[in-house]
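Asks: Next come the chains, spelled out residue by residue.
Number of protein chains: 2
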Amino acid sequence: MNILDIIEKKKNGFPLNQIETDYFVDGYSKGTIPDYQMSALLMAIWFKGMDEFETSNLTLAMVKSGKIIDLSGIHGIKVDKHSSGGVADTVSIPLIALVVANGVPVAKMSGRGLGHTGGTIDKLESIPGFRVEMPEEEFIEIVNRVGGAIISQSEELVIADKKMYALRDVTGTIDSIPLIASSIMSKKIASGNDAIVLDVKVGNGAFMKNLEEAINLAKIMVSIGNYFRKETVAYITDMNQPLGDSVGNSLEIEESINVLKGKGSQRLLEVIKNLGAEMLKLGKKVQTVDEGKIIIEEGIFNGKGLQKFKEIVEAQGGNSAIADDFSLLPQSKFKLPILAKSTGFLSFFDTTGLGKLATFLGAGREMKDDKIDLSVGFTFNKKIGDKIFSKEQIGEIHTNDLSKGNMALEKFKMLYSSGTEQVKSPPLFYAKVSKEGIEILS
Amino acid sequence: MNILDIIEKKKNGFPLNQIETDYFVDGYSKGTIPDYQMSALLMAIWFKGMDEFETSNLTLAMVKSGKIIDLSGIHGIKVDKHSSGGVADTVSIPLIALVVANGVPVAKMSGRGLGHTGGTIDKLESIPGFRVEMPEEEFIEIVNRVGGAIISQSEELVIADKKMYALRDVTGTIDSIPLIASSIMSKKIASGNDAIVLDVKVGNGAFMKNLEEAINLAKIMVSIGNYFRKETVAYITDMNQPLGDSVGNSLEIEESINVLKGKGSQRLLEVIKNLGAEMLKLGKKVQTVDEGKIIIEEGIFNGKGLQKFKEIVEAQGGNSAIADDFSLLPQSKFKLPILAKSTGFLSFFDTTGLGKLATFLGAGREMKDDKIDLSVGFTFNKKIGDKIFSKEQIGEIHTNDLSKGNMALEKFKMLYSSGTEQVKSPPLFYAKVSKEGIEILS
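Each protein sequence line maps, in turn, to chains U and X.
Just remember that our numbering sits 13 ahead of the position in the first sequence, which is counted from 1.
Just remember that our numbering sits 13 ahead of the position in the second sequence, which is counted from 1.
What the hints contain is simulated information worked out from the structure, not anything from laboratory work.
Incorrect hints may appear among the rest.
Identical copies carry no separate label here, and so any pair may be met within one copy or between two of them.
Stated by the list, open to error - The calculated SDA-like cross-link candidates involving lysine to any residue, where the alpha carbons are at most 25 Å apart (straight line), are: (1) K274 x M147; (2) K346 x T433; (3) K243 x R378; (4) K222 x D18; (5) K317 x V159; (6) K317 x P350; (7) K243 x I451; (8) K276 x K306; (9) K384 x E283; (10) K222 x K346; (11) K400 x N332; (12) K297 x G116; (13) K298 x L180; (14) K437 x E169; (15) K22 x N217; (16) K404 x Y36; (17) K381 x D18; (18) K369 x L17; (19) K424 x Q166; (20) K175 x P47; (21) K22 x V183; (22) K176 x G44; (23) K222 x L17.
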């Protein structure tokens with residue numbers, strides 16, 4: 014076998030087989046295939062794509078490059094969840110509390126934020142004492158005892174993905190559906206769960222800018238999941254505006270708790286209800302999604318979700334009193350009101366720009382090793398289609414640096430538009446992809 | 014400027030401008046752009062191509078990466094010649110003797126053979142004493158005194174091409190027309206001549222397998238030459254069979270001398286006459302190609318070409334007595350007759366296979382640093398369409414290793430076919446490309 018033959022084969026549009034795929038993933042992980050050959054191959058894949066079978070083979074090869082977590086010590090059907098990344102995408106924490114509260118175990122490994130998107134692990138670290146790293150045995154023990162735990166993804170998982178992602182990042186080969194799909198799914202497969210719910214974001218704040226691309230990505234990920242006998246369901250949800258009302262780490266913990274108290278923003282709640290219902294269904298706790306949605310909603314109103322959240326926080330060493338006293342969370346020194354620039358209907362958000370604004374304030378990372386400030390970010394309480402009045406307060410910048418805060422206020426003005434005509438809110442759910450096929454929802 | 018933006022731009026099909034092209038060629042030559050980004054860009058160029066203007070810009074950027082030879086000390090219009098590489102492509106040496114004998118100066122820098130194709134410099138080195146390396150001043154002095162000289166291409170020329178070619182060779186990006194064109198033309202431009210005749214080979218022994226590709230390559234090279242104000246004419250000639258009757262280094266020197274004595278093989282002579290006439294025309298010695306062909310032919314029959322060849326050999330330190338006594342050239346120990354395997358009409362040559370057979374015998378290189386044996390190779394005196402008789406001697410293997418020689422005899426059998434039906438000889442000239450356009454010749 015020869016890497017040059019594999020490059021030529023892909024370049025000329027022929028599918029790669031499992032042996033070839035194993036060869037280049039293994040060789041690249043071990044350093045016998047150099048970066049410059051891998052980047053040529055990745056660019057050829059960017060142009061020629063990979064079919065579902067090839068992408069599943071690639072995922073398998075990547076899974077084999079690192080540790081595979083054994084969750085067989087956890088009782089029940091363990092259901093995982095993944096979001097392709099968005100802004101104010103405060104879904105995972107309240108979702109997991111509500112699913113676990115209803116008897117489906119969740120042993121989730123999450124990532125940190127990068128670029129304009131936030132990460133669950135960063136958000137959780139704003140809870141004083143909360144440990145995101147622990148031995149595997151303790152992780153399993155907590156899931157068995159409490160029902161759920163969320164830890165930082167092990168560095169030993171899918172070694173190939175770390176090297177390949179770093180290379181893709183500097184060679185213009187990030188935006189390839191088979192490479193994105195295998196990167197995401199290899200980590201999901203290696204982390205050992207039994208079923209997976211995927212939230213594929215689409216819109217100007219997502220990596221996927223159009224529905225067709227998002228559906229293609231969802232289709233291939235569902236196909237990979239099922240290939241590995243892990244039932245996988247994907248929702249395509251909107252990211253043409255921030256999902257929740259808060260962007261920033263401790264701010265999103267506050268919003269998570271608000272959701273569990275029945276005070277969350279409506280669109281965020283809808284996503285949580287649907288994904289949660291799907292997780293309950295995959296976990297065989299309900300027969301239908303509608304049934305699941307009712308149970309998730311009940312978990313909010315009867316306080317079981319909030320209670321479970323507190324239990325998980327305590328089990329992972331965190332101070333659960335934050336749930337009743339937000340002042341125990343990291344707080345920024347300054348809170349600057351965001352006033353509407355004119356009267357009209359909110360018509361447009363530059364959602365990626367808003368994500369970058371949070372990074373500018375210090376809530377996110379441009380580079381993997383950047384330090385972040387857990388207390389900063391912003392809130393706002395209007396969505397597309399809402400009427401706003403000139404000078405009305407529509408949000409708040411949270412900052413520890415007044416001049417940065419004032420710059421953020423100016424930037425914010427450029428990141429939304431309003432007009433005199435009433436604009437319809439964009440749909441929230443576009444499609445659902447499962448082994449049954451594609452269901453268009455909007 | 015950022016290499017990632019340049020990769021993205023090309024990947025998405027937008028043309029690169031001069032500033033971007035200079036940036037990546039200069040950065041790669043100097044090592045500030047790493048191999049893995051360059052290989053991703055080269056693969057994107059492989060897929061998206063480059064238009065004529067981009068390719069000229071790339072050529073210019075490459076020229077600037079190394080030394081540019083100043084031939085202004087040579088009187089007259091200096092005309093260069095380049096072949097895209099073939100088998101038994103014994104054109105340059107007799108051609109240059111004949112052109113120089115007719116008053117057009119030729120200051121040629123040539124390369125060595127690689128893979129299945131031979132190189133003029135290797136062939137010349139089989140002449141005892143012949144120096145292919147010398148100071149630039151001496152090179153210019155010889156051209157002024159004798160009319161012509163052929164030396165090995167300076168290592169300082171087009172530094173970027175050496176690095177880029179080595180990278181393309183291991184990343185599946187050799188077979189890209191703009192990359193081939195800029196690689197060839199950058200060296201032609203940097204070597205300082207005033208006009209260029211290109212011989213683009215097409216067929217199963219050439220890099221270009223089909224006429225359309227060959228014409229595209231010729232068009233872009235002619236356009237680059239003219240962009241640099243060096244009038245350039247390209248002929249597309251056949252490489253579906255070896256051009257001359259000899260493959261190997263000292264064997265091709267013998268054939269070169271035979272051509273100058275009026276005893277060369279017909280197809281080889283035709284190419285020499287046409288390219289020579291074109292060079293005389295570019296050098297303003299004749300008005301038309303037909304006029305030039307008559308003068309080239311006269312140069313053979315009146316012995317002026319052979320005389321000029323001897324003068325050049327002497328001027329470069331070689332023993333010109335070889336022209337009258339081939340036993341002064343490196344001779345192989347064994348000469349094994351090649352006998353026709355059956356009676357019929359010769360119908361097919363695996364021309365690349367024949368080139369590789371010469372390499373197998375030791376006449377060529379698989380790797381750049383391989384040692385070669387100047388005495389070995391093979392001759393054969395039949396072309397497609399010729400009648401051959403079973404057991405008739407149609408050629409001779411020249412070897413210093415009997416077992417290799419016997420293996421070569423067996424291999425040779427697999428590298429040609431004959432049949433009962435008379436086959437037409439393939440055309441020799443397919444097209445001519447010049448600033449006037451494309452002229453189809455067959």
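Asks: I'd like to know which numbered hints this structure contradicts. Please list them from smallest to largest.
Replies: Of the numbered hints, 1, 2, 3, 6, 9, 10, 11, 13, 14, 16 and 19 do not hold.
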